[in-house]
Amino acid sequence: MCRAIPIGYECRRLLGLARVFRRWSETEALTAIGLLRVGNVIELDAPLALAAARLGADLKLPLADSVVLAMAQRSEALLWTQDSDFEGLANVRYRAHRAG
Numbered sequence: 297m298c299r300a301i302p303i304g305y306e307c308r309r310l311l312g313l314a315r316v317f318r319r320w321s322e323t324e325a326l327t328a329i330g331l332l333r334v335g336n337v338i339e340l341d342a343p344l345a346l347a348a349a350r351l352g353a354d355l356k357l358p359l360a361d362s363v364v365l366a367m368a369q370r371s372e373a374l375l376w377t378q379d380s381d382f383e384g385l386a387n388v389r390y391r392a393h394r395a396g
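Each residue of the sequence shown is one higher than the one before, counting from 297 in my numbering.
Bear in mind the hints are in silico, worked out from the structure with no lab data behind them. Idealized CB from N, CA, C, for every residue including glycine. Just so you know, not all the hints are guaranteed correct.
[Stated by the list, open to error] Ranges between beta-carbon positions, derived for each pair:
1. 329 <-> 384: 16 to 22 angstroms
2. 379 <-> 337: 17 to 23 angstroms
3. 392 <-> 341: 18 to 24 angstroms
4. 332 <-> 370: 29 to 35 angstroms
5. 326 <-> 386: 31 to 37 angstroms
[Stated by the list, open to error] The calculated lysine to any residue pairs, modelled on SDA-like cross-linking and capped at a C-alpha distance of 25 angstroms, are:
6. 356 <-> 381
7. 356 <-> 329
8. 356 <-> 328
9. 356 <-> 384
10. 356 <-> 387
11. 356 <-> 378
12. 356 <-> 321
13. 356 <-> 346
14. 356 <-> 333
15. 356 <-> 332
16. 356 <-> 331
17. 356 <-> 345
18. 356 <-> 369
19. 356 <-> 344
20. 356 <-> 341
21. 356 <-> 379
22. 356 <-> 370
23. 356 <-> 389
24. 356 <-> 342
25. 356 <-> 392
26. 356 <-> 334
27. 356 <-> 327
28. 356 <-> 339
29. 356 <-> 376
30. 356 <-> 343
31. 356 <-> 372
32. 356 <-> 390
33. 356 <-> 377
34. 356 <-> 374
35. 356 <-> 371
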């Protein structure tokens, strides 16, 4: 039995906390983190996992990326990213990460 788990968006949010605190004041960081909590948790069920596997195979995407894309497609969401693996895909807005 699968449980609803925070994947993709939530995992990246948690992994990025240290970076946020290094770049911004604590007040700015806490404000940004609060805004990230507005999102929804999507259950990674069997149909979604199958859709992600198909996307991964068809588009040659890494596993995590294919899950994020499948979740966005299921939600009919526009996916905004700085991950170049998504560049040129439908319903994705890619913006290159600025160095520095």
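Evaluation of the provided hints:
1. The hint said 16 to 22 angstroms for the Cβ distance between residue 329 and residue 384, and at roughly 31 angstroms that hint is violated.
2. Here the CB-CB span from residue 379 to residue 337 is close to 20 angstroms, well matched to the stated 17 to 23 angstroms.
3. Range check, residue 392 to residue 341: Cβ separation about 33 angstroms, and the 18 to 24 angstroms hint is violated.
4. Judged by the Cβ atoms, the range 29 to 35 angstroms given for residue 332 and residue 370 is violated: they are separated by roughly 20 angstroms.
5. Taking the beta carbon of each, residue 326 and residue 386 are about 35 angstroms apart, inside 31 to 37 angstroms as hinted.
6. Of the pairs offered as hints, the one joining residue 356 and residue 381 holds, with about 9 angstroms between alpha carbons and a cut-off of 25 angstroms not exceeded.
7. Restraint check for residue 356 and residue 329: the C-alpha separation of about 32 angstroms exceeds 25 angstroms, so the hint is violated.
8. Restraint check: the Cα-Cα separation between residue 356 and residue 328 comes to about 32 angstroms, which exceeds 25 angstroms; the hinted pair is violated.
9. Distance restraint check for residue 356 and residue 384: the Cα-Cα separation of roughly 13 angstroms lies within the 25 angstroms cut-off, and the hinted pair is therefore satisfied.
10. With a C-alpha separation of about 17 angstroms, the suggested pairing of residue 356 with residue 387 holds against the 25 angstroms cut-off.
11. Restraint check for residue 356 and residue 378: the C-alpha separation of about 18 angstroms stays at or below 25 angstroms, so the hint holds.
12. At most 25 angstroms may separate the alpha-carbon atoms for a hinted pair to count; residue 356 and residue 321 exceed this at roughly 39 angstroms.
13. Between residue 356 and residue 346 the alpha-carbon distance is near 15 angstroms, which keeps this suggested pair within the 25 angstroms criterion.
14. Between residue 356 and residue 333 the CA atoms are separated by roughly 30 angstroms; this puts the pair beyond 25 angstroms, and the hint is violated.
15. Distance check on the hinted pair: residue 356 and residue 332 sit about 28 angstroms apart at the alpha-carbon level, beyond 25 angstroms; violated.
16. Taking the CA atoms of residue 356 and residue 331, the gap is about 32 angstroms. The hint is violated against a cut of 25 angstroms.
17. With a C-alpha separation of about 15 angstroms, the suggested pairing of residue 356 with residue 345 holds against the 25 angstroms cut-off.
18. With a C-alpha separation of about 17 angstroms, the suggested pairing of residue 356 with residue 369 holds against the 25 angstroms cut-off.
19. For the suggested pair residue 356 and residue 344, the alpha carbons sit about 17 angstroms apart, so the restraint of at most 25 angstroms is met.
20. Our distance criterion of 25 angstroms between C-alpha atoms is met by residue 356 and residue 341, whose separation comes to about 21 angstroms.
21. About 14 angstroms separates the Cα atoms of residue 356 and residue 379, which keeps this hinted pair within 25 angstroms; it holds.
22. With a C-alpha separation of about 19 angstroms, the suggested pair residue 356 and residue 370 falls inside the 25 angstroms cut-off, and the hint holds.
23. Taken as a hint, the residue 356 and residue 389 pair is honoured in the structure, with Cα atoms around 18 angstroms apart against an allowance of 25 angstroms.
24. Proximity of residue 356 to residue 342 is assessed by CA-CA distance (about 20 angstroms); at most 25 angstroms being required, the pair is judged to hold.
25. Proximity of residue 356 to residue 392 is assessed by CA-CA distance (about 20 angstroms); at most 25 angstroms being required, the pair is judged to hold.
26. A C-alpha spacing of about 31 angstroms is found between residue 356 and residue 334, which places the hinted pair above 25 angstroms, so the restraint is violated.
27. The suggested pairing of residue 356 with residue 327 is violated, with an alpha-carbon distance near 36 angstroms, which exceeds 25 angstroms.
28. For a cut-off of 25 angstroms, the pair hint linking residue 356 to residue 339 stands: about 23 angstroms separates their Cα positions.
29. A distance of roughly 19 angstroms separates the Cα atoms of residue 356 and residue 376; the hinted pair therefore holds under the 25 angstroms criterion.
30. For the suggested pair residue 356 and residue 343, the alpha carbons sit about 19 angstroms apart, so the restraint of at most 25 angstroms is met.
31. With a CA separation close to 21 angstroms, the supplied pair residue 356 and residue 372 stays within the 25 angstroms bound.
32. Simply put, residue 356 and residue 390 have alpha-carbon atoms about 17 angstroms apart, close enough for the 25 angstroms limit, and the pair holds.
33. Of the supplied pair hints, the one linking residue 356 and residue 377 holds, its CA atoms being roughly 17 angstroms apart against a limit of 25 angstroms.
34. A distance of roughly 20 angstroms separates the Cα atoms of residue 356 and residue 374; the hinted pair therefore holds under the 25 angstroms criterion.
35. Using a Cα cut-off of 25 angstroms, the hinted pair residue 356 and residue 371 holds, with the two alpha carbons roughly 22 angstroms apart.
Going down the numbered hints, you'll see the structure goes against 1, 3, 4, 7, 8, 12, 14, 15, 16, 26 and 27, while the others check out.
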